[in-house]
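Using the sequences and the hints, build the whole thing.
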Amino acid sequence: MARIPRITRILRYAALGLGAIAALLPFYYMLIGALQKKRDTSLGGLLPKPGNLTLDNLAGIDDSFSLLGALANSLIMTVGVVVCTLVFGLLAGYALAILRFRGRGLVFALVLLVQAIPFQLLMIPLYVMVVRYFGLADSYAGMILPFAINSVAVLIFRQYFLQIPREIFDAARMDGASELRILRSVAVPLVRPAILTAMLVTFIGPWNEFLWPFLVTKDQGMQPLAVSLANYSQANSTFQANPMGAVLAGACVLAVPAVVLFLLFQRHFTSANLGSAIKG
Amino acid sequence: MTSLRDSRDGTKPAGDPPRGRHPRPSTHQHAPPAAAPEGRSPGRRPGASRLERRLGNSPLGLVLTAPYTAYVLVVFIIPFGVGVWMAFHDYFFTAPGVSVPHPFVGFDNFTEVLGEERTRRAFANLGLFMAINIPLTVVLALTLASALNAATHWRGFFRVAYYVPYVTASVATLAVWLFLFNGSGAVNNVLGPWAPDPSWLANKHLVMPLIAVYVTWKQLGFYILLYLAALQNVPKELHEAAVTDGAGRWQAFRAVTLPAVRPVTSLVILLSIITAGQIFTEPFLLTGGGPSGASLTPALLVYQRGIEQGEPDAAAAIGLILVTGVLIIATVARRVMERD
Numbered sequence: 089m090a091r092i093p094r095i096t097r098i099l100r101y102a103a104l105g106l107g108a109i110a111a112l113l114p115f116y117y118m119l120i121g122a123l124q125k126k127r128d129t130s131l132g133g134l135l136p137k138p139g140n141l142t143l144d145n146l147a148g149i150d151d152s153f154s155l156l157g158a159l160a161n162s163l164i165m166t167v168g169v170v171v172c173t174l175v176f177g178l179l180a181g182y183a184l185a186i187l188r189f190r191g192r193g194l195v196f197a198l199v200l201l202v203q204a205i206p207f208q209l210l211m212i213p214l215y216v217m218v219v220r221y222f223g224l225a226d227s228y229a230g231m232i233l234p235f236a237i238n239s240v241a242v243l244i245f246r247q248y249f250l251q252i253p254r255e256i257f258d259a260a261r262m263d264g265a266s267e268l269r270i271l272r273s274v275a276v277p278l279v280r281p282a283i284l285t286a287m288l289v290t291f292i293g294p295w296n297e298f299l300w301p302f303l304v305t306k307d308q309g310m311q312p313l314a315v316s317l318a319n320y321s322q323a324n325s326t327f328q329a330n331p332m333g334a335v336l337a338g339a340c341v342l343a344v345p346a347v348v349l350f351l352l353f354q355r356h357f358t359s360a361n362l363g364s365a366i367k368g
Numbered sequence: 038m039t040s041l042r043d044s045r046d047g048t049k050p051a052g053d054p055p056r057g058r059h060p061r062p063s064t065h066q067h068a069p070p071a072a073a074p075e076g077r078s079p080g081r082r083p084g085a086s087r088l089e090r091r092l093g094n095s096p097l098g099l100v101l102t103a104p105y106t107a108y109v110l111v112v113f114i115i116p117f118g119v120g121v122w123m124a125f126h127d128y129f130f131t132a133p134g135v136s137v138p139h140p141f142v143g144f145d146n147f148t149e150v151l152g153e154e155r156t157r158r159a160f161a162n163l164g165l166f167m168a169i170n171i172p173l174t175v176v177l178a179l180t181l182a183s184a185l186n187a188a189t190h191w192r193g194f195f196r197v198a199y200y201v202p203y204v205t206a207s208v209a210t211l212a213v214w215l216f217l218f219n220g221s222g223a224v225n226n227v228l229g230p231w232a233p234d235p236s237w238l239a240n241k242h243l244v245m246p247l248i249a250v251y252v253t254w255k256q257l258g259f260y261i262l263l264y265l266a267a268l269q270n271v272p273k274e275l276h277e278a279a280v281t282d283g284a285g286r287w288q289a290f291r292a293v294t295l296p297a298v299r300p301v302t303s304l305v306i307l308l309s310i311i312t313a314g315q316i317f318t319e320p321f322l323l324t325g326g327g328p329s330g331a332s333l334t335p336a337l338l339v340y341q342r343g344i345e346q347g348e349p350d351a352a353a354a355i356g357l358i359l360v361t362g363v364l365i366i367a368t369v370a371r372r373v374m375e376r377d
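Line by line, the protein sequences give chains A and B. For the first sequence, position 215 matches number 303 in this note's numbering, and the numbering has no gaps at all. For the second sequence, position 163 matches number 200 in this note's numbering, and the numbering has no gaps at all.
Quick caveat, the hints were computed from the structure, so don't treat them as lab data. Please read all numbers here as calculations on a predicted model, not as lab measurements. One or more hints might be untrue.
Here are some chain A residues the structure puts well away from chain B; computed CB gaps all over 12 Å [claimed, not checked]:
#: 1; residue: Lys137
#: 2; residue: Asn140
#: 3; residue: Glu267
#: 4; residue: Ile283
#: 5; residue: Leu284
No more than 30 Å apart at the CA atoms, straight line, and that leaves these computed lysine-lysine pairs for DSS-like [as the list claims (entries may be wrong)]:
#: 6; chain 1: A; residue 1: Lys306; chain 2: B; residue 2: Lys255
#: 7; chain 1: B; residue 1: Lys255; chain 2: A; residue 2: Lys125
#: 8; chain 1: B; residue 1: Lys255; chain 2: B; residue 2: Lys241
#: 9; chain 1: A; residue 1: Lys126; chain 2: A; residue 2: Lys137
#: 10; chain 1: A; residue 1: Lys137; chain 2: A; residue 2: Lys125
#: 11; chain 1: A; residue 1: Lys126; chain 2: B; residue 2: Lys255
Note that the Cβ used here is the ideal one computed from N, Cα and C, for glycine as well.
Structure (structure tokens):
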């Protein structure tokens, strides 16, 4: 590789560097904008000035809606989705990989099919069903329902269960273990890495989701942070000292959990299992 | 057991291997020890079990998958059917519990929405969005992935940096873009006298391209990862052989790398088309569809017609047109990409 001209290498790193700056600069702007006492959009404003730094913006946004309440709603919705996905997804993934039963091919086809159905077409009927017929407006159940079992997680579980040697299950059955006992004591402990991956993949979607919780929550006390923040940034909040700072402070609070989780566990985020799991 | 059978009525016998049908004497519904892997089932005992023949030799699988099947039915299959039904009927909201007729109206909802200027505008905007977003995504993702594949230092940092926008909530990143590109925002401040007038978000020629660039920025990290995985499988020798034979770097790239990553390019284009059809949050938060419909998208229009204006039938028709259009474009793109 020594024959590669120097100029090629320089160009290569210049392109990579430019890309990284383009990707990260908005996040830096988010952070610095959230800390500014007075809005400063000049180039110099990008540098932190000790006199213009404050944490008041966080308090400012908390005056308009309960930041902790919104965070709690986001967390309840997300944890609800993760728990449903883990419980029912593990059961489905195990059955699809290990058990032979009538309709197995059909269920597996469903797992693949649902990823191809676009949400635009489902949005209105789902809204009518959940809000009008099920009466789940302004409820956690209504927010969780459309995301309850992440199909990508089901696929991940199935894949991991398939990799377990059959002999292990045979041995457990010989010893007289029931199928449920095998699932709980043999299979689930063997697929721990899959559980972590599935949790990460599942967490980010509902945490970032805006459209659906926006549709089904009118009560401010029930809205997750993404919805509260969007509503707040839409309303004219002229009474704030630095309305932009307040919105960016809220954006930081919304962004930090997902970004930190990603940074901590980035090895688990591979292209293979993220497919259609993350949106919003 | 009856409840089990009820819930599975009408399912096909798919996935039921012939070996699974060997009769057993027991009629117990719980997974029998005979639920052993294919080919060495110890449960080949005489005596017929109709139940087992009907349900496969581990009917427990039906119980375990029942919650998932119910979820898919309630959240995907039924709303999909209701959506198609709505599009062909006169459907409107009524007070709860009131039953009114919803007559079949054929294609009336479709001719109604297609006759409106706003609908045609939204689809034209979507076309403009795709024309900018898709080529930009493919070129940038492939360029950065190639550079990253050849780089020896800081690979982990670049990978993470490109990926961060992808895992961040749209609502958070859009707040930044709003303040970067509004009238007195940082971008105009830097541009000074060269700032566009009217400003970015109020300019009907610039607002849709800006949204297309935003979505490219947001999704790029995921596509770079897809390309990177494919590039790592291209043998280096192939590339070096081409260079030895006198091909320039660009020629070698075109002759070796491009064909090798073609399946990924096809996938990236397909996913970009699907993403484009769902663009809602961006125009909703940045502009509300304005100025005068310049950033209206079909998905935003579905929301406005269905929820804000209370015409779910018209909204369902727009949704169906959108999905059909996206499917057609995706099919054409695939044909073009996969022909020799």
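Quick rundown of the hints versus the structure:
no., hint, in the structure
1, Lys137, "holds, 15 Å"
2, Asn140, "holds, 15 Å"
3, Glu267, "violated, 4 Å"
4, Ile283, "holds, 17 Å"
5, Leu284, "holds, 16 Å"
6, Lys306/A <-> Lys255/B, "holds, 28 Å"
7, Lys255/B <-> Lys125/A, "holds, 28 Å"
8, Lys255/B <-> Lys241/B, "holds, 22 Å"
9, Lys126/A <-> Lys137/A, "holds, 11 Å"
10, Lys137/A <-> Lys125/A, "holds, 10 Å"
11, Lys126/A <-> Lys255/B, "holds, 28 Å"
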